[in-house]
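Novice: Sequences are here, hints too, so could you generate the full structure?
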Amino acid sequence: MYLASVRKKPTGTQPATSNQNQHIHRNIFALGFTSLFTDISSEMIVAITPLYLTSALGFSYLSYGLFEGAYQGANASLRLWGGALSDRHQNHKRIAATGYGISAFTRVGLFLTSFLTWLPITLFLLADRVGKGLRVAPRDALISLSVSKDRLATAFGAHRAMDTFGALLGPIVAYLLLEVTPGAYESVFAMSVATAFIGLSFIIFLAQQPVIKTKIQAKKNLLASLKQTLADSNTRLVCLAVAAVSFMTISDSFLYLIIFQESSMDKVFFPLLFSGTAVTYLVLAVPIGSLADKFSKTAVFLAGNLFLLAAYILLLTTSISTTIGLATLGLLGVYYAATDGVVPAIISSLTPEDSRGVAIASSTLAISLGKLIAAPLFGLLWQQFGLPLALSLFSGGLFITLVFAYFSLSKIQVAHA
Amino acid sequence: MKKQVLLITAIALVLMLGAGGYILNVRSQQNKDLAARNQEASERVASFESSKTAPRSTLASPPEELSFGADVDFEQGDVLVVNRVPGDDYGKLALRNDDGSRELFDKTCTRVHLAAHTGFCLGERGISAYVAEFFDLTKPDLPKRDEWNTILPSRAQVSPGGLWTASTVFASGTSYQDVGNFSTFVEFASVENVNRRWGARNFKVESDDPKYVDPEGNFWGVTFIDDDQFYITHGLGTDIDILKGTISTRTLEPTGWLGSCPSLSPDGSTLVVKEMDGENFQLVTIDVATGERTPLGETRSVDDQINWMSDDTILYALHTNEKPEEIQPEFDIWSLNITDGSEPELFLPNADSPATYFP
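In order, the protein sequences belong to chains U and H. When you line the first sequence up against this note's numbering, it's residues 1 to 417, in that order. When you line the second sequence up against this note's numbering, it's residues 1 to 359, in that order.
Heads up, some of the hints might be wrong.
Claimed, not checked - Think about it this way: if two alpha-carbon atoms lie no more than 30 angstroms apart in a straight line, the pair counts; the simulated BS3-like pairs of lysine-lysine are:
{"#": "1", "chain 1": "H", "residue 1": "K244", "chain 2": "H", "residue 2": "K211"}
{"#": "2", "chain 1": "U", "residue 1": "K149", "chain 2": "U", "residue 2": "K227"}
{"#": "3", "chain 1": "H", "residue 1": "K32", "chain 2": "H", "residue 2": "K323"}
{"#": "4", "chain 1": "U", "residue 1": "K132", "chain 2": "H", "residue 2": "K3"}
{"#": "5", "chain 1": "U", "residue 1": "K227", "chain 2": "U", "residue 2": "K132"}
{"#": "6", "chain 1": "H", "residue 1": "K211", "chain 2": "U", "residue 2": "K149"}
Said to hold, decoys possible - Here are the in silico distance ranges between beta carbons for each label pair:
{"#": "7", "chain 1": "H", "residue 1": "D239", "chain 2": "U", "residue 2": "S319", "range": "46 to 54 angstroms"}
{"#": "8", "chain 1": "H", "residue 1": "P210", "chain 2": "U", "residue 2": "P182", "range": "39 to 47 angstroms"}
{"#": "9", "chain 1": "H", "residue 1": "S47", "chain 2": "U", "residue 2": "P182", "range": "49 to 57 angstroms"}
{"#": "10", "chain 1": "U", "residue 1": "L316", "chain 2": "H", "residue 2": "G199", "range": "19 to 27 angstroms"}
{"#": "11", "chain 1": "H", "residue 1": "L6", "chain 2": "U", "residue 2": "S410", "range": "46 to 54 angstroms"}
{"#": "12", "chain 1": "U", "residue 1": "P287", "chain 2": "H", "residue 2": "K2", "range": "29 to 37 angstroms"}
{"#": "13", "chain 1": "U", "residue 1": "S319", "chain 2": "H", "residue 2": "E343", "range": "52 to 60 angstroms"}
{"#": "14", "chain 1": "H", "residue 1": "N195", "chain 2": "U", "residue 2": "S319", "range": "51 to 59 angstroms"}
{"#": "15", "chain 1": "U", "residue 1": "I400", "chain 2": "H", "residue 2": "N202", "range": "37 to 45 angstroms"}
{"#": "16", "chain 1": "U", "residue 1": "Q383", "chain 2": "H", "residue 2": "Q39", "range": "33 to 41 angstroms"}
Simulated from the structure, these hints should not be mistaken for lab results. Since the model is a prediction, treat every value here as computed from it, not as a measurement. Where a beta carbon is used, it is the ideal one built from N, C-alpha and C, also for glycine.
Specialist: Listed below in structure tokens is the structure:
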């Protein structure tokens, strides 16, 4: 038989599935490297910008919370816009590359003006954030469109691991450069330009726009596409669940501040706090992602939040020793590995291909809305009633919202396509 | 796909070569500047030495670099400094000879102090890594002896009997000038057991004034009275005063004296403190018995904890140039006789952190 003979002879030609696989690896690899180099580029700037720390430490707890919330909110709206734009044009790659391009060109601006004052630096950092807000949703949509549904969480995990690795390398590169050329920030800016454009070249030359199989219905504006996305009950349930949980999530800046202020930990280790969480996240992102793919993405998401709850409870213990401080950072890393890449994986597995951008951005928006309230609320509670009560209330609240999230997520109807 | 990877590799190569070349160019420019500054500073030092009339060093054939114990017997009045001639020897400890010349040691510190046979060094080791370290003046250096990690060094002191050290380091900020915008950390360490270390924040202040327990407050600048008691600076914003403390009981009590970075004379009768005067730091003596304050005849701003060379002469460092250099900043040490109303005198150019030896 003709058909049988074809099926029996896969040698020589690439079978369709393997072709698909090659395609998968190529985009994840390309976007992973784009993020890695872009993060090296941006984190080395952050590491030498004293503005951030001094201003953050000068704030009161409440105003710091408000600032954090407002920043998250603005960022989320930009993401939504980027997502809608990429869905409408059916070209996620172009929008994401534009976002990375904006950031890369702000580096050139930084390099050229580094001999002036800190003012242009602030402006360029702002422009950089715009580029970042714009690119995140289309990039995640691109990742989700490049792999089959049963490998979504692994793919996001792999991407996030490379992203985090870049964020870890950035400050190290900056310090090494300042060791070679002491006090010469222009060296850091020069290297930042180079790494930003290397990152950009990966998405431009290596990433491919997957063909979207489902037909796009009509060219819609942002509001209409958001409406359509939220009309889907599954997306609504996921957004509701993640919003509820993040409403009781203490921002990590607060957690680091608690460990810094309350612990007997050697102050020398403070700059390492972030690295402790990042390394745990980096190592666990892929294994936990593949666990989520094999077992259940929603269960892993819920379990991840239990690790966050455990971190709160640890911080509630009377004296925060170095061991407890480190354990908290580890738990926080596990929490990130089990949620940060898993949420877009859950959303992607439930939504049609032509609205991935908006759908993923909606879930980030839901998380940001929760945090928008959580940050000033926690700041206010801490300022008014002290840390133990604030932590206890958020622990209890997190538990209740997790139960709520469990019931919401269990209502999801899985379509058997 | 191979083509694209090649293209990206080529782009990356070009970008890295560009950035690398630029950075190497910055570095070579920095080296050139440093060499020029080294030349200039060496000439200053040489002309200072030739202006001194005392005979040259009597060491028969001085070694290239001295080691503690092996090459020098410290005598009362010897002054140990940190060399600030830009170049390869920047940061090395040095002994000032009477003729104004200097002998370098094989040890690098940012800040140094000594008493009895104990030396105490706050130094930088590699990329933004700092250590605090004891050394014995009578013994050559042992590797990795009694050192621990710390943060940006500021002040180092050893108690008169050499049993305790006190260090002040910056947790944030780099200068005391920036009122209310820096954070410092004082740590006492037992020379006999390096693991016995106490932060000044954990001492109990015997006062109801809430400013002493305000988390925004800072402790810095310790001077020892004996091997147990000391004076220390506390500041909350511009409200800066001096407390007296005891290590054995871990207590502090306010003295009511204003000022910062006190330094007690060898006879224990007089403190010299810095007093904020607008943008400037004015040196002022405080009579310990009566509390009487007398401003000193140094009109320049001294942001240093002064060192007593004798009961009537103090030493302190000032930046050599009006605008401090970013890389390897230069300092000069000045001396001032506080009893006869004389003018400050240049004690040693291109040097910092004077520490006079008392047995």
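Novice: Need the list of violated hint numbers for this structure, in ascending order.
Specialist: 6, 7, 9, 14, 16
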